[in-house]
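*Asks:* The listed protein sequences derive, respectively, from chains A and B.
The opening position of the first sequence corresponds to residue 0 in numbering that gives the first Met the number 0, with each subsequent residue numbered one higher.
The opening position of the second sequence corresponds to residue 0 in numbering that gives the first Met the number 0, with each subsequent residue numbered one higher.
Possibly wrong hints are sitting among the right ones.
[To be verified] No farther apart than 16 Å at their CA atoms in a straight line, the calculated lysine to aspartate or glutamate pairs in the EDC-like style are these:
1. K100(B) - E101(A)
2. K37(A) - D263(A)
3. K87(B) - D244(A)
4. K221(B) - D154(B)
5. K37(A) - E259(A)
6. K100(B) - D100(A)
7. K214(B) - D244(A)
8. K178(B) - D73(A)
9. K214(B) - E248(A)
Hints were generated in silico from the structure; no laboratory data involved.
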Amino acid sequence: MEDSSEIISNIERKRILELLSQGKRLDGRGLKDYREIKVERGFVEKAAGSALVSVGGTKVATGVKVEVGEPYPDRPEDGALVVNAELTPLASPTFEPGPPDEYSIELARVVDRGIRESKMIDLETLCLVPGKKVLVVFVDVYVLGQCGNLFDASELASVLALMDAKMVNYVVGKGGEVKAKDKRVPLPVINYPVSVTMARIGGDFAVDPSLNEETVADARITVTTDKDGNICAVQKGGVGVFSMDEIMEAVDIAVEKSQELRRDVLGV
Amino acid sequence: MSKIRKKLIGKGDVRVDGRKPGDLRPIKIEIGLLERADGSAYIEFGKNKILAAVYGPREVYPRHLSLYNRALIRCRYHMAPFSVEERKSPAPSRRETELSKVIRDALEPAIFCELYPRTVIDIFIEVLQADGGTRCASIAVASLALADAGIPMKDLVAACAAGKVDGLLVLDLDDVEDKEGEADLPVAYIPQMEAVTLLQMDGSLTRDEFEEALKLAVDGCKRIYALLKEALRGRYLAAGNVVGEDVKKINEGGS
Numbered sequence: 000m001e002d003s004s005e006i007i008s009n010i011e012r013k014r015i016l017e018l019l020s021q022g023k024r025l026d027g028r029g030l031k032d033y034r035e036i037k038v039e040r041g042f043v044e045k046a047a048g049s050a051l052v053s054v055g056g057t058k059v060a061t062g063v064k065v066e067v068g069e070p071y072p073d074r075p076e077d078g079a080l081v082v083n084a085e086l087t088p089l090a091s092p093t094f095e096p097g098p099p100d101e102y103s104i105e106l107a108r109v110v111d112r113g114i115r116e117s118k119m120i121d122l123e124t125l126c127l128v129p130g131k132k133v134l135v136v137f138v139d140v141y142v143l144g145q146c147g148n149l150f151d152a153s154e155l156a157s158v159l160a161l162m163d164a165k166m167v168n169y170v171v172g173k174g175g176e177v178k179a180k181d182k183r184v185p186l187p188v189i190n191y192p193v194s195v196t197m198a199r200i201g202g203d204f205a206v207d208p209s210l211n212e213e214t215v216a217d218a219r220i221t222v223t224t225d226k227d228g229n230i231c232a233v234q235k236g237g238v239g240v241f242s243m244d245e246i247m248e249a250v251d252i253a254v255e256k257s258q259e260l261r262r263d264v265l266g267v
Numbered sequence: 000m001s002k003i004r005k006k007l008i009g010k011g012d013v014r015v016d017g018r019k020p021g022d023l024r025p026i027k028i029e030i031g032l033l034e035r036a037d038g039s040a041y042i043e044f045g046k047n048k049i050l051a052a053v054y055g056p057r058e059v060y061p062r063h064l065s066l067y068n069r070a071l072i073r074c075r076y077h078m079a080p081f082s083v084e085e086r087k088s089p090a091p092s093r094r095e096t097e098l099s100k101v102i103r104d105a106l107e108p109a110i111f112c113e114l115y116p117r118t119v120i121d122i123f124i125e126v127l128q129a130d131g132g133t134r135c136a137s138i139a140v141a142s143l144a145l146a147d148a149g150i151p152m153k154d155l156v157a158a159c160a161a162g163k164v165d166g167l168l169v170l171d172l173d174d175v176e177d178k179e180g181e182a183d184l185p186v187a188y189i190p191q192m193e194a195v196t197l198l199q200m201d202g203s204l205t206r207d208e209f210e211e212a213l214k215l216a217v218d219g220c221k222r223i224y225a226l227l228k229e230a231l232r233g234r235y236l237a238a239g240n241v242v243g244e245d246v247k248k249i250n251e252g253g254s
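Whenever a hint applies, use it, and build me the whole structure from the sequences.
*Replies:* And the structure:
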């Protein structure tokens, strides 16, 4: 993929392109097939919600924390959502420790957009004291294994973690003080965004690209849809280009595949 | 979202700033205004005021970033602290980092990078005033700065957003429409290649609305493209006149 320092041999590159032109892939999948997706929900008890998702060899853990904080100035009566992504150095020989680079920021912001724009969490209900105190939902995406398509693995892990999250029940007393009750309550989840990422290689779209496919791809497109099949976020990446017909082809593939993922992986 | 908000579309589909759904904001362009830069351009796109400068192809520092077979393209999109209502910290935000990346991805397909191995082309974009649609205006103005720097390109890159406001599909959203509207779909387009090089979207659109908005945005890009080309031609005509004057002077002096 773009900016990646991954290296691929010419013979493998050639083989991937050759196979794709026949509608086949190096790992035997069809062009629209995902790799095997495994999900472990709630594996970190200390988090309000958590999920570990693997898509083939790609592994992403997401932990959710909910804390009392201040609202954004332009949304004084809404709870806040903060999505952060870490590309941990154990995930790939090309990842280095240090502050987030532009790729991890792009990853976090695409996941954020899916959750925010589908209105997955009803943020209006997370207000405690208007303009002063609201609940802040922290979604921390931890990439543990990079074998391609971090976008979809991260989105799935984050959505699952949010679906399962149980937060402390905060109540506001008469004097405006915020008290924590013992009982835990679920987050107000009202939608289920799912992203579908495709690599454009030559003239073909490969759904859920593996690392070697990402390395030879000239462009990437991620389309996120909500539970009603509406499109809520799109992101093109890489220096390649798309025709308008290709964009609509990608949108149609995403709408179709997201229904499968929502049913089979999210179970909704 | 505020419970009571003012309507963004009035009678006869008129928008808050008086535009029709398919109207662009007024655009003003100036090219080659920075003396030290290899190429530069300035755009006023509605209330957006954006300056772009290009340096290069030049030596890469740090050197390990250089590519053996092509030029490295670097892009920095930055907003001035005074460019928005509330002061923005001058440190680059996550949004600016992402936009720097997608703007670079939008421009790079138009540049013949392979002509300049082991060099860097730096694109600096400063948003002096922002009013919605800065990434699109930045792409347009940066492509002019690249052309002004004399960098061989396949074409100029035009960019424009479409979106949905109060249930209506509209072209070129301003700040209020972007913040309060239902969807925003920024697109960059290279007319010669009929290629989309930037594609982002947030909000909510049905499949058919998405298709229509995409067409609207590309149509907007084509209209902006015509303005960019005209501005660039004007720049060369002006340069030609200056040279012409000099030649005249020399001839007159010699006779």
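*Asks:* Among the hints numbered above, which are violated by the structure, and what are their numbers in rising order?
*Replies:* As far as the earlier hints go, only 3 is violated by this structure.
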